[in-house]
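Taken in order, these protein sequences are the chains called A and B.
Take the first sequence: its position 39, counted from the start at 1, is 225 in our numbering, and no numbers get skipped.
Take the second sequence: its position 288, counted from the start at 1, is 272 in our numbering, and no numbers get skipped.
Just so you know, the hints here were simulated from the structure itself, not pulled from any lab data.
Owing to the predicted nature of the structure, the values given are computational and were not obtained by experimental measurement.
Some clues are possibly wrong.
[Claimed, not checked] Between beta-carbon pairs, the in silico distance windows are:
#: 1; chain 1: A; residue 1: L344; chain 2: B; residue 2: V11; range: 55 to 63 Å
#: 2; chain 1: B; residue 1: V16; chain 2: A; residue 2: A202; range: 51 to 59 Å
#: 3; chain 1: A; residue 1: L346; chain 2: B; residue 2: P324; range: 12 to 20 Å
#: 4; chain 1: A; residue 1: S299; chain 2: B; residue 2: G235; range: 53 to 61 Å
Note that the Cβ used here is the ideal one computed from N, Cα and C, for glycine as well.
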Amino acid sequence: MTTESIIFILLAAFVAVFSVLSVTTKRIIRAATYLLFVLFGTAGLYFLLGYTFLGAVQIMVYAGGIVVLYIFAIMLTGKSKDAQQKPIALGKRFAALMAALIGAGLLMFVVISHHFVSTSLSAEVTNESAAPISQIGSSLLSAGEGGNLLPFEAVSVLLLACIIGGLIIARKR
Amino acid sequence: MFDFTKVTNWIDALLLSFLPGWAATLVECVLVALVIITLYAVFAIILIYMERKICAFFQCRLGPNRVGKWGSIQVLADVLKMLTKEIIDMKNVDRLLHKMAPFLVIVASMLTFACLPWNKGAGVIDFNIGIFFFLAAGSIGVVGILLAGWSSNNKYALIGAMRSGAQIISYEVSIGLVMLTMIVLTGTMSFSEICQQQADLGWNIFRGHIPAALAFIVYLIAGNAECNRGPFDMPEAESELTAGYHVEYSGMHFGFYYLAEYLNLFICAGIASTIFLGGWAPLHIWGLDGFNHVMDYIPGAVWMVGKTFFVVFLLMWIRWTFPRLRIDQLLALEWKYLMPLSLVLLVVMALCVSLGLTF
Chain A
187 MTTESIIFIL
197 LAAFVAVFSV
207 LSVTTKRIIR
217 AATYLLFVLF
227 GTAGLYFLLG
237 YTFLGAVQIM
247 VYAGGIVVLY
257 IFAIMLTGKS
267 KDAQQKPIAL
277 GKRFAALMAA
287 LIGAGLLMFV
297 VISHHFVSTS
307 LSAEVTNESA
317 APISQIGSSL
327 LSAGEGGNLL
337 PFEAVSVLLL
347 ACIIGGLIIA
357 RKR
Chain B
-15 MFDFTKVTNW
-5 IDALLLSFLP
5 GWAATLVECV
15 LVALVIITLY
25 AVFAIILIYM
35 ERKICAFFQC
45 RLGPNRVGKW
55 GSIQVLADVL
65 KMLTKEIIDM
75 KNVDRLLHKM
85 APFLVIVASM
95 LTFACLPWNK
105 GAGVIDFNIG
115 IFFFLAAGSI
125 GVVGILLAGW
135 SSNNKYALIG
145 AMRSGAQIIS
155 YEVSIGLVML
165 TMIVLTGTMS
175 FSEICQQQAD
185 LGWNIFRGHI
195 PAALAFIVYL
205 IAGNAECNRG
215 PFDMPEAESE
225 LTAGYHVEYS
235 GMHFGFYYLA
245 EYLNLFICAG
255 IASTIFLGGW
265 APLHIWGLDG
275 FNHVMDYIPG
285 AVWMVGKTFF
295 VVFLLMWIRW
305 TFPRLRIDQL
315 LALEWKYLMP
325 LSLVLLVVMA
335 LCVSLGLTF
């Protein structure tokens, strides 16, 4: 067993434990905190693979942005800390179970039917082998072969729509 | 310049001579962590003493002068006091989050501390996306502050945490844009390459002239706000909120916030000196070869720490000179003035670089 696989197993266990905790806890702010640790673990996996850019984006966008927004929203809405949870209706339980099973089945199908190329993680996966930031940047903004300009612009339109939607909802009449 | 990789390579070879590869890496990681944590504590003590003395001189007082010569071991006595204080358990709080929050803050602070380049070849975390990683790691700290405010079950703490969150998120926009401005100039995000470039071509603040100097000022303002320090210390505002988000903490848990506040100041200053003032690069004046040669004999770490303390002094000067802002003025300053200004600076810098107007 190599060092990389030991670190991978530690990270995977970390992610799995906190994922389960974040859906089983009763307090919503704790769920957000456990989600934060899940996202840290995922970032750790990217760093292990040598994708430092993706790992930093994961921390910046999800841990530093999304989770902070969640906690902000929970703090602003407040009051729900002591709210008693109603028992969930049978139909809803059934629907949740079906959604979970179908999701798991789809995921397993994709994982099993995809033929992964077996490569051994070795010491070569370091800073130097990761794609340089200039390459990532030019690929993100190129319209040519393999360029990502169209999805990039589409996402920006989506974000603009979100901002306008938020403004309209929050507007005082 | 002395290349620190000689030392690290020697240690690496020494460890590899009697240990397997993974164990050598592990030992190196532990050694580096020890060095980082020791430096962290030592700089905190120096900074707290410096803050007290500078604050006193700005207010025409003497400052600490009883414990040791010129009060020099006052801070050590305070550290001992803090360590022996009781950590109080409170009722009706979320214990887990309450105890975890200070650790989130201090971990974020230590991660960003490890990004600083101390000398040629002596950076701990040195990715090719260094600056971006620095920003990402710095954004973890705000979660700790928000959780501290929430889990204290105290309205002052909650208001302090909300203010702090709004402030840090807002000013992070300016910091990001200013850093982008400087990345446009340097063309790289790695701290070691930025420093090397400045050692070869001159400091960025001179290379980028007008936009770089304005960016430096914007960075100082935004960085000061990011550290929750006066005149932007709304989250702690002792006259209105007693102590803001850390009002319910005692003992070393409070000590962690205190440490993180001072080290964030140091890190902010350290990044300013790395990006604008050359990091470990010595001062060179074009044409004065003898002078440049003398400057080369001063080690890089001395340059780095010296410049950082110079910027720390600037930030302390600002803190003890200006009165505190109101929260709406604070947010208006960021969104109506600093952010548009930094967007303009980004465009101006891009134009300067593409037209070849930089040195």
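Evaluation of the provided hints:
1. Judged by the Cβ atoms, the range 55 to 63 Å given for L344/A and V11/B is violated: they are separated by roughly 48 Å.
2. Taken as a hint, the range 51 to 59 Å is violated for the pair V16/B and A202/A, whose Cβ atoms sit roughly 29 Å apart.
3. Taken as a hint, the range 12 to 20 Å holds for the pair L346/A and P324/B, whose Cβ atoms sit roughly 19 Å apart.
4. For the hinted restraint 53 to 61 Å between S299/A and G235/B, the CB-CB distance of approximately 56 Å keeps it satisfied.
Of the numbered hints listed earlier, those contradicted by the structure are 1 and 2.
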